[in-house]
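Number of protein chains: 4
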Amino acid sequence: MPEFQGIFAPLTTPFEGDRISSEKFGDNIRKYNATELTGYVILGSSGESVFLTDGESEELVKTAKKTASPDKKLIAGTARESTQLTLEFTNRMAGCGMDAALIRCPSYFKSKMDTQALRAHFLTIADRSEIPVIVYNIPRNTGVTMTVEFLAELAHHENIAGFKDSTGTLSALEELLPALPAGFSYLLGAAGLLFPGIQLGASGGIVTVADIAPEHCVKLYDLIQQEKWSEARRLQLDLIPLNKAVIQTYGVPAAKYALDLLGYYGGPCRLPLLPLDEKGKKEMEGILKELELL
Amino acid sequence: MPEFQGIFAPLTTPFEGDRISSEKFGDNIRKYNATELTGYVILGSSGESVFLTDGESEELVKTAKKTASPDKKLIAGTARESTQLTLEFTNRMAGCGMDAALIRCPSYFKSKMDTQALRAHFLTIADRSEIPVIVYNIPRNTGVTMTVEFLAELAHHENIAGFKDSTGTLSALEELLPALPAGFSYLLGAAGLLFPGIQLGASGGIVTVADIAPEHCVKLYDLIQQEKWSEARRLQLDLIPLNKAVIQTYGVPAAKYALDLLGYYGGPCRLPLLPLDEKGKKEMEGILKELELL
Amino acid sequence: MPEFQGIFAPLTTPFEGDRISSEKFGDNIRKYNATELTGYVILGSSGESVFLTDGESEELVKTAKKTASPDKKLIAGTARESTQLTLEFTNRMAGCGMDAALIRCPSYFKSKMDTQALRAHFLTIADRSEIPVIVYNIPRNTGVTMTVEFLAELAHHENIAGFKDSTGTLSALEELLPALPAGFSYLLGAAGLLFPGIQLGASGGIVTVADIAPEHCVKLYDLIQQEKWSEARRLQLDLIPLNKAVIQTYGVPAAKYALDLLGYYGGPCRLPLLPLDEKGKKEMEGILKELELL
Amino acid sequence: MPEFQGIFAPLTTPFEGDRISSEKFGDNIRKYNATELTGYVILGSSGESVFLTDGESEELVKTAKKTASPDKKLIAGTARESTQLTLEFTNRMAGCGMDAALIRCPSYFKSKMDTQALRAHFLTIADRSEIPVIVYNIPRNTGVTMTVEFLAELAHHENIAGFKDSTGTLSALEELLPALPAGFSYLLGAAGLLFPGIQLGASGGIVTVADIAPEHCVKLYDLIQQEKWSEARRLQLDLIPLNKAVIQTYGVPAAKYALDLLGYYGGPCRLPLLPLDEKGKKEMEGILKELELL
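Protein chains in written order, with our numbering: chain A, 280 to 573; chain B, 280 to 573; chain C, 280 to 573; chain D, 280 to 573.
Bound conformation, chain A alone (with noise of 0.2 Å):
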């Protein structure tokens, strides 16, 4: 049995003013615990993690320790540029905690990275990191491509514990599945793809919709798991605008407005992310009237 399996909902940051908001993310931690979530991914792209200090960072993480229930499963995203630094941070926030630490390709110097060099950078952290390795897959956002071959290669290191696949497709998953080691987790990066991914053997997944309507989400798994396949198929499709909204047409802000309307903390995000505009407002409202959220 996969450790990591089921929905897990990628955190965004609290902002006030110039600050992060301990208090508000631990507000909203106590809401989600309310959920039937398997997890929370903090410092991932939706908690604009590329925007916090480090200081910062383990500030939310510790915050996530304390307030999350036992029973959800943490995860960290803990990439860096450097293979050192990243595994240091990685260390780090083992040392605040969390269960897992998800990891995405190093991208700076995209040409350069080939598979030799990505094998060194990910065996050396899987080696010595002191929490197991959710190797993150994103060739959209890094710019770098990861043969099916090689993360064959990296599935079947003791370390490291699952993937998450955001490149929008099924062919690494249909390719990988009979690869894989039994009980290695692969985590689902595109909430449209939840139903047919983790219908063909994806053990979940780690999407911003389920931090809008994690019920949903939870509802779809859990519907998928008892093979009601023709609610599924039609709760699938209803997630379809929303997801398309906060991740393709409007980003991080589109789910902050979402949290601000529904109860929880969203505010705003930092620069240079921009504030949601009128449209996009409406356009969230229409979404969550419509699938009964507001």
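The set of hints was computed from the structure by calculation and includes no laboratory data. Be a bit skeptical, because a hint or two may be false.
Partner residues are not named here, just some residues of chain B that face chain C (Cβ under 8 Å, in silico) [said to hold, decoys possible]:
#: 1; residue: F388
#: 2; residue: L552
#: 3; residue: L553
#: 4; residue: L567
Idealized CB from N, CA, C, for every residue including glycine.
Position chains B, C and D against the provided structure of chain A, taking the given hints into account.
Relative to chain A, chains B, C and D alone:
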């Protein structure tokens, strides 16, 4: 009920020396007639249509019309760069008894192919075509993006009967499903998406894999109709290596080599497509054995 | 001394209603005969060659042969997707009196167009073409990369007389210059690189801007030959807005509109290219006034 | 007269074991002080800045300030993903005596980095930075396009002193030249464009090649100022293989290897950049001999 549903094989074109062989083409079709394939696509990518003269194209289409069982649907690829030439060739194919025309975007002047230009192109053709049009969305090859909004608009034209979706993702399907008129045909171009895509609501597929493993593809389609999900899932995964080889790794030469091994006539491709090398041949043999076709 | 040096205009194709107008085409050529252009390219992108039948193509080429001053070099675009059809059309153009054939990469099966396939393609054609071949490198349109090593190899084939470089950079030129045989023609496809490129060692250019401002382009070429650098620099910069409009922003419809304003016959493009809108017309008028052409 | 003109070397960062070596860094700078380089860039890509902690970065900058001849201009790379962190780090570098800050686009949320977001980012920083800003345009790495219109707008901000253009083309330069205010610095990031770009009107370059062959680069600059075009042309072409090796083929490890050969301290890169392999070492030696540096 969609007019075009089930599995279509995009037929390869038999060459002997410098010429096409209508005889071998007819022989292949007679073999396919014994399968439960819904129909055939003539003059598609797998048919190396871009290497054929108009005269050769017409000869193939006439052979198909003469040889195919009357219950098989016949679709011809008729795209040209100019609107007028596409229309003329489409109606020439209509005159040869084709049931529909499969038409991808013009792509030579890609930076000018905005929605306004594409609208002028497709509406001019759909308005005057004597047979239904199936719009072919393959951005990877054309470099042209058709927006979901524009596709939804096209779907409501009375002479546009369907889409072929070779985006490689499920995004367009998921976004379009709620917007499609009743009876609209949505055909998948990616064999790896047959199971998840048809389950979500697609009406079938046009996949090169069906040239080589028609019975497997038809069985997969039937299993989905019968809601035998776990069998369908297994069969879907079994087809992945074959699909990867004939689409991504080796292309049409690999498909033709497989046909030669299986008693069909595959034969050589036209230059600049090169013959399959020894490594590719060995891999294809292994794949066919794994599928118990050899 | 390179056989093809100086400025070539890639001629537009005059349409009247549904048909090409050889008469207008001849009229335009007679006007260009009065300039110091080195020659003309017929059936290039600016000539909307992808919208023409073989019959129309041949009619245009014969008109050009009949009408062009004997001192003007004539180059025909002859690329097709198949090696054989390219060769046949090339030799048909040779039979019409063309001095060279301009041939870009096949691109439909782009992922299969590796150096081995391109070598088979270009060598087959160069070996048997009755006229010299100019290899056209335009990766932006074809999606196919020709390596510098492969281009250097082609340059040493006795029947490959030159390159047209539409990469938009000077990298290939700078890398290739030391490797080119004496007398090899290196023609730039980017009007913005005429000054720096010819100064570095290119032999000339094939640029749409030369259709509209032939005297400016010829003067720029002459100023470089005369080493009048600061005048050349100024003239080069003056041509940038015209080039941007006819290549990047508006394309062939803008070039044809400019021709109409200047006493040539521009006329409409074929669909799916749309007519220039009012904003574009106004911008073109401003650009032509700035160049004192209007 | 532009404040930043001539040739700048983007310094590499010396590592010994796990740590940076300020001593070796100072030694290198003392060697460079003997050249006619205009100045140095610290914390650029060649300096592996993405692998450094803020503390290491500050140590390097302070060493540079202490060691560089007073006539050398000092520019620090200060980009971060967030506007606020970029501003804070920029002013920290100002406090260390830097003459300017070189700042590229944020790129993590690339699809959201439209002109409006980039405007908010750069204007916030330029308004409050204590030193002039040089805006760094490198779309190949960032995946973010800055339009010519937006760059022209930025050029008129009183605290934006220049651009570094690493687009690899001359298009932006040619389009922007007429729109730039007097005294604006336009620095090329592509060593292959020094000759044509400076001749067209650029004020100089920041090129890794200048780390290895500073005298060649300075001489090239001087030849252009003296209008010795054919010598400049030859020198430009001579530098192409070195540039290709240290930028495209092998990257920073090749630059560092060359430094080691030439009496500077190059040393290892940090992981995930791998050491130069034997083939690369041999090629670098050949290139340096060809340039009579070895």
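How the hints compare with the structure:
Interface restraint check: B/F388 against chain C, minimum CB-CB distance 6 Å, threshold 8 Å, status holds. This hint holds: B/L552 has a C-beta 6 Å from the nearest C-beta of chain C, less than the 8 Å allowed. The restraint placing B/L553 at the interface with chain C holds, with a minimum CB-CB distance near 5 Å, inside the 8 Å limit. Checking B/L567 against chain C: minimum C-beta separation of about 21 Å lies over 8 Å; hint violated.
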